[in-house]
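Q: Based on the provided sequences and hints, a complete structural model is requested.
Number 1043 in this note's numbering belongs to position 239 of the sequence shown; there are no gaps in the numbering.
Hints listed in this document are in silico derivations from the structure and should not be mistaken for laboratory results.
It is possible that some hints are incorrect.
Restraint-style ranges between C-beta atoms, simulated for each label pair [said to hold, decoys possible]: (1) 872 / 1005: 44 to 50 Å; (2) 871 / 998: 31 to 37 Å; (3) 909 / 855: 25 to 31 Å; (4) 1022 / 973: 16 to 22 Å; (5) 1072 / 1037: 34 to 40 Å; (6) 1071 / 899: 44 to 50 Å; (7) 905 / 997: 50 to 56 Å; (8) 1045 / 892: 32 to 38 Å; (9) 899 / 877: 36 to 42 Å; (10) 1045 / 1080: 48 to 54 Å.
Computed list of lysine to any residue pairs in SDA-like fashion (alpha-carbon distance at most 20 Å, straight line) [claimed, not checked]: (11) 1031 / 871; (12) 962 / 1067; (13) 1067 / 894; (14) 1067 / 1048; (15) 962 / 989; (16) 962 / 982; (17) 1031 / 836; (18) 962 / 854; (19) 962 / 1004; (20) 962 / 997; (21) 1039 / 850.
For glycine and all other residues, C-beta sits at the position ideal for the given N, C-alpha and C.
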Amino acid sequence: MTTREAEQGDGGGVDQAASEGGAARPEERLEQAVRSAEQALIEYEIAVETFRVEIENFSRLHEQRLGPLYARIEELDAQIAEARAARSGDPEDLRRAQEARARLQPIPAVEHLMHGWMDGNGLFPEAVAMLTDQPVRPPQRVRPSEEARRLYRELARKAHPDLVQDEAERRRREDFLTRVNAAYSRGDTDELRRLAEEWAAGPAPAKPRPSRSEELYARLEWLSERKEMLTLVAKQLEDSAIAAMLRLAPDDPDGLLDEIAGKLHQDIAEREAQLAALLGGG
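A: Right, here's the structure in full:
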């Protein structure tokens, strides 16, 4: 008699389970608890991973769209400080101007030492591509498409390593989900479709073998520890500055970037006017 049948049966089913094996019923209940914990953990991992992708994509888009605007503001601030120092000759103004300019300077000699791989601002995109074996491909949006999200969730639920205890099968699933996660991070719906076909054509997952009570308890403990770890990861994501920005516009994070960009353009215009007045003697 299966666990599902035992759950769906009436009182007679309970008596039948007890009569067929007195020790089987507690193990069945424990096994059901393990399976419920496994499914809950998988759903939680899916939620954390989808949120991580949104945070990562939003962070990259934030840098791509707004980074040049912030850089322009910093450059204008340095020019304004230099123009003010040139007009006043005040030592304190001169010091502020030097500090503002110094903040914009790359780390000396980094590009020469790294032979074209990086400068003071970090690795060049070409170097990143060489190191990761992938082309530089920025995300097109914060959230992958609805179809990509649906495919990712389906594959994660079907192929998750925590559904099996056989070590070889766990490794196969871990390798497969690594590819699924990479495709989802890129928002690559076509690749997710191909992976879904590959999984459907692959070997059927082995049925879990009966476990002893102590093994089931150990399994529950491992699942609990894994949940605690994921809770810490989720809290770190939630507490990040990017997550705080996402909470300002959860339904339209891409629009939020456009709104911030508009404000930054206004700040740039104000600084350019201020600099023109200083240089023009106004």
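Q: Does each hint hold? Answer for all of them.
A: Verification of the supplied hints:
| no. | hint | result |
| --- | --- | --- |
| 1 | 872 / 1005: 44 to 50 Å | holds, 46 Å |
| 2 | 871 / 998: 31 to 37 Å | holds, 34 Å |
| 3 | 909 / 855: 25 to 31 Å | violated, 37 Å |
| 4 | 1022 / 973: 16 to 22 Å | holds, 19 Å |
| 5 | 1072 / 1037: 34 to 40 Å | holds, 37 Å |
| 6 | 1071 / 899: 44 to 50 Å | violated, 24 Å |
| 7 | 905 / 997: 50 to 56 Å | holds, 52 Å |
| 8 | 1045 / 892: 32 to 38 Å | holds, 36 Å |
| 9 | 899 / 877: 36 to 42 Å | violated, 21 Å |
| 10 | 1045 / 1080: 48 to 54 Å | violated, 33 Å |
| 11 | 1031 / 871 | violated, 36 Å |
| 12 | 962 / 1067 | violated, 45 Å |
| 13 | 1067 / 894 | violated, 32 Å |
| 14 | 1067 / 1048 | holds, 18 Å |
| 15 | 962 / 989 | holds, 19 Å |
| 16 | 962 / 982 | holds, 14 Å |
| 17 | 1031 / 836 | holds, 18 Å |
| 18 | 962 / 854 | holds, 16 Å |
| 19 | 962 / 1004 | holds, 10 Å |
| 20 | 962 / 997 | holds, 14 Å |
| 21 | 1039 / 850 | holds, 15 Å |
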